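K.L.:
Each chain, letter by letter, is given below.
Protein chains: 4
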Amino acid sequence: MYSFKNDYSEGAYPKILNALIESNMTQEEGYGYDRHTQNAVSKIKNLIHNKNVDVHLISGGTQTNLTAIGAFLKPHEACISTNTGHIAVNETGAIEYTGHKVITVDSDDGKIYPDKIENILDSHSNEHVVKPKLVYISNPTELGTIYTKEELKNLNEFCKSNNLILYADGARLGSAICAKGADLTLSDMCNFTDAFFIGGTKNGALLGEALVIKNENLKEDFRYHIKQKGALLAKGRLLGIQFEQLFTDNLYFELANHANEMAYLLNAGLKESNCKFLIDSPTNQIFPILENKIIERLEQKFNFYTWKKIDNNHSAIRLVTSWATKKEAVLEFINEFKK
Amino acid sequence: MYSFKNDYSEGAYPKILNALIESNMTQEEGYGYDRHTQNAVSKIKNLIHNKNVDVHLISGGTQTNLTAIGAFLKPHEACISTNTGHIAVNETGAIEYTGHKVITVDSDDGKIYPDKIENILDSHSNEHVVKPKLVYISNPTELGTIYTKEELKNLNEFCKSNNLILYADGARLGSAICAKGADLTLSDMCNFTDAFFIGGTKNGALLGEALVIKNENLKEDFRYHIKQKGALLAKGRLLGIQFEQLFTDNLYFELANHANEMAYLLNAGLKESNCKFLIDSPTNQIFPILENKIIERLEQKFNFYTWKKIDNNHSAIRLVTSWATKKEAVLEFINEFKK
Amino acid sequence: MYSFKNDYSEGAYPKILNALIESNMTQEEGYGYDRHTQNAVSKIKNLIHNKNVDVHLISGGTQTNLTAIGAFLKPHEACISTNTGHIAVNETGAIEYTGHKVITVDSDDGKIYPDKIENILDSHSNEHVVKPKLVYISNPTELGTIYTKEELKNLNEFCKSNNLILYADGARLGSAICAKGADLTLSDMCNFTDAFFIGGTKNGALLGEALVIKNENLKEDFRYHIKQKGALLAKGRLLGIQFEQLFTDNLYFELANHANEMAYLLNAGLKESNCKFLIDSPTNQIFPILENKIIERLEQKFNFYTWKKIDNNHSAIRLVTSWATKKEAVLEFINEFKK
Amino acid sequence: MYSFKNDYSEGAYPKILNALIESNMTQEEGYGYDRHTQNAVSKIKNLIHNKNVDVHLISGGTQTNLTAIGAFLKPHEACISTNTGHIAVNETGAIEYTGHKVITVDSDDGKIYPDKIENILDSHSNEHVVKPKLVYISNPTELGTIYTKEELKNLNEFCKSNNLILYADGARLGSAICAKGADLTLSDMCNFTDAFFIGGTKNGALLGEALVIKNENLKEDFRYHIKQKGALLAKGRLLGIQFEQLFTDNLYFELANHANEMAYLLNAGLKESNCKFLIDSPTNQIFPILENKIIERLEQKFNFYTWKKIDNNHSAIRLVTSWATKKEAVLEFINEFKK
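Protein chains in written order, with numbering that gives the first Met the number 0: chain A, 0 to 338; chain B, 0 to 338; chain C, 0 to 338; chain D, 0 to 338.
So that you can see chain A by itself, here it is in the shape it has in the complex (with noise of 0.2 Å):
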């Protein structure tokens, strides 16, 4: 049975594993102190236009974002974050296991804005309540949906007069800068943020994410906190080589492109039948409400996740390509559907 429930269903990109193959035997020092890492974090700070940055590079997401956040915030402080923010519901209470509470506002697209932001502060100005010190966003958001590049110009101000921090989790970035209608590049992500992740298992790699942090003062020590996490990986050359290879010859983005075509394939097979969606999603995760009935007979066979219920005839269903997806997959869904 053919998969949509996710971007992670398979291995990695052949070519990833072949660099690990070739590169197999040479011994590397360990803990990310291996030649492959620092040429990989070469290339991404050439991408990204910033050589002050610091990158490292850790084993997945929910690692990555308490890692991050459990460094950046003192014990007092607290993140802000969608009530759809991974952080916010998907993580097992890691943030709060780190120490810190996890306010979340209101969002029907999935995106922080200003205003909403302003609202937690104006009832947050005492010690009798947490202090609102870090914001965190996704690009693309759980919802498939990005922001522009003004938008995020205008968060990234927002927090800078207001001394937050601006967090992005990319776990699935890829999809949101090559996605249709996006303006923003790698290197708008990082002008326009404290800090944000490059995510890699979504996008081909077996695992790893690259965190880059550009604020000054939260990269002091940072590897005794990836240490401490237990986020250090003794062959952190697993990690470089597939970075490296990942940004050699726009590989990235490449991966990234293919998980969207597949995307807008399916969603304009789906829209020819006049189907509806939840949210308009320019990313590599869709979702289209679908009668129940439908959807019974779709999971005959295909795999897929039901999100959320429309009505009682009707529920929204998500679908997910990645750099794996078969044309012939969703032309068979496509097909499938249109029965």
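It is possible that part of the hints are untrue.
[Stated by the list, open to error] Derived pair list, reagent style BS3-like, types lysine-lysine, alpha-carbon separation capped at 25 Å:
| id | chain 1 | residue 1 | chain 2 | residue 2 |
| --- | --- | --- | --- | --- |
| 1 | A | K218 | D | K159 |
| 2 | C | K73 | A | K73 |
| 3 | D | K115 | B | K308 |
| 4 | A | K73 | D | K218 |
| 5 | B | K73 | C | K73 |
| 6 | A | K115 | C | K308 |
| 7 | A | K270 | A | K308 |
| 8 | A | K115 | C | K307 |
Calculated directly from the structure, the hints in this document are not laboratory data. Given the structure is predicted, the values throughout are model-derived calculations rather than measurements.
Model the placement of chains B, C and D on the given structure of chain A, informed by the hints.
P.N.:
Coordinates of chains B, C and D only, in the frame set by chain A:
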């Protein structure tokens, strides 16, 4: 320059990489629900002759230690470790970050004995001090020494009769079990502890440790803890495939045996020239005591750690062998030493 | 300027101070092993008709909440609270600092009902999200409303059948139990919760809350947690003497009754002039809705919090009475309001 | 039976209780914004000749230590303490609960010296181990010994030049400052540390310690930390009034002097009969070494701790005096000893 610095300088045993490639494009469930992980878990249960244990695959040793100990203890409970224990020294306070004190006891050989624990229990008997609850050992120890079956059995009995959890770090467990003179099996490790882990990273895998939980009271909801600590890999197949290979056709022990044999070869070569050792280690870490000027000369050609100053002219160095250590490199080292 | 701002503006009920003086030079054991604490604990057990509970005297409400909840939960477990709950809003993230998420549910009247909890349980069913384990209520709520016996019984049954801990914050419990229309006794509080506390600070003591733990599973080693959180007073007698007095000759309820009567007098006086209220509170906090210009006038003579904007011309204020509130001050406030 | 077990067996110095009574019915702001707290803070600033420090009144010693250290350190940073330090031994892992390791160094006299710290720094130089950041001392130490001005000055200079925070626990600070031979003033304590506290609980108050923060970097948002740890008393006046009295007319030092004099009287009486001591303590804790059968006899009439076994026939006991110790009791103890 050839490195005897550690057992994680190379990538993975080639058969493991091949298995990654072969399975690469097959879709699998995420988060450890893939077929490879299930298969690996089943193989491990067979090997230890216990179907009732829970087995979890986790990316690294510190990660496993902090996740397990953080899950096993209540806030006021503490671990007991030797003063050379990995959790006491080399994990950047990861255990303390989970809120628990690590009480240390002196140990010449890196092992912990009931009488030392008894002293700790005697001085920790009311609510003004922490409550010792978990005994942390590693096999082999940080000094390369190993527990005999009798020793582990005694320790376990002592722990049971004092309501203590016995937990074993097996980052290099293969080397301990295959060591000359060892009488402990993987199955014994399970019988005589509440939980222990089987290290993959230092025995041929890219990353990964297999945590085995036998004590029923420690099993509940363990996957929540893995996720909360950021250690639940989306592509859990990466761990599953590796352990599947390691526990097929005895590979895990073959690799450990090779590492040990290379250490014995080094050992014998050095002893021939009357070299003394810091401690008698039957595993893949050895600690010869050399004249400082010989150390300096060896450092021109080989990479290794200087472990400890012995006197003004002598130091102990640490030489580590692995599944990947080449016999020629060992012989070359011995030759160089003999010059 | 007379203050209706809170119920902790004065010192202690004079009889309590006298008891401190009378016992002052007698030597007592430290850390809660004094005879006064033992006597107070015994009186509380008698009053709730349950000799098997554990009773601990702790200095304040936030301290009690964080110590209890931090002790009761495992790392991946979370609390459920209304969005106005003290732990959710007013404790500077104290619960999150202990590592636990506070999941909030909307509530118009400050109370929590089984259907709201059920929704939370439905959306928290796997290891990617926290595990809801403890329901936090307060009686009276932050809005001054109270639980009926039937409501608490139902809530407790729901919690039991869903394996949830029911914990009640009783910072103003005296006022709830003595409220007009209340049908809950101290004994019911114990019968229908796993643990709850009886507030002293806001009912005549200098400081102190009496935590009652009924559930056997939550009792073990609790004094360790009190000590670890810095809450075990060397001179525990200070708490013991106060609760000894509060639970002698019905004093605790007399003081609460006075506070309630003063609130009713205020309430009646304001209602005579057709004043509306934000919510109908039968306890010592009331929330009249006034014209802003009247509020400004009253602020010339009285101290109180403006609670909530209602519209451009009206706001709700909070008036709090206590054991120390003077009838003359209440009448003066009413007169001033009527002008 | 008269107790020399500790310095918190009685209530408060009577003048303090009188002040509580006199101020009792006056309404004051909550949470430390009352006039008494402001007055006490101002008196303390005057006494230490430094208007720029921040002073916070907190209920107890462990509470103060955990709040301060938890606020001062980042997650990967650790404390250094002697192996007898209160935070190392007697706080039920409170510091570890805040996430920080307590590194211990051996000490015969309970004091810490720069060379010991230097050893720790030498062995903690990379991200695989915690980063030592705060040196914890107490004055007097747990063994009753005191720091000279020169010693504290040197320690502070060493800390400054190594970027370490120097923090002093002053639970019995009065006794240290008033000790025979002491050359340190309260003002010196401030000049030569980053933060320290002045103990009230063990010197005449019902409860309360005054934390003085001099280092600018450690001041920010400190009230948030107090609140988050449950240590912000609603009736902050209780602490304010007590410190107001303690620092009026030199009372704090008078009480400490009395405690010391009673200790000297004991000391002299025992020495007359050639009693040996575990250590030479000039403060209100002394540690005579007695024959076990004499100890048993004394225990019929007096309460005290047996501190340490010396040999099969001898043990050291601990005798503690306080502001409340009666001269007659001391003389009786000496007589009983001489029998």
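K.L.:
Check the hint pairing K73/C with K73/A against an upper bound of 25 Å on the C-alpha distance.
P.N.:
23 Å, holds
K.L.:
Take a quick look at whether K115/A and K308/C sit within 25 Å of each other, Cα to Cα.
P.N.:
Answer holds: K115/A to K308/C is near 18 Å, not above 25 Å.
K.L.:
Given the hint that K73/B pairs with K73/C, does the C-alpha gap stay at or below 25 Å?
P.N.:
7 Å, holds
K.L.:
Quick one, are K115/D and K308/B close enough, alpha carbons at most 25 Å?
P.N.:
18 Å, holds
K.L.:
Does K218/A pair with K159/D here, judged by a C-alpha cut-off of 25 Å?
P.N.:
With a Cα-Cα distance of about 22 Å, the restraint between K218/A and K159/D holds, given a limit of 25 Å.
K.L.:
For a C-alpha distance cap of 25 Å, please report whether K115/A and K307/C respect it.
P.N.:
18 Å, holds
K.L.:
What's the verdict on K270/A and K308/A, does the C-alpha distance respect the 25 Å limit or exceed it?
P.N.:
Status holds; Cα separation ~20 Å.
K.L.:
Hey, K73/A versus K218/D, does the alpha-carbon distance stay inside 25 Å?
P.N.:
13 Å, holds
Violated hints are absent here; each numbered hint is respected by the structure.
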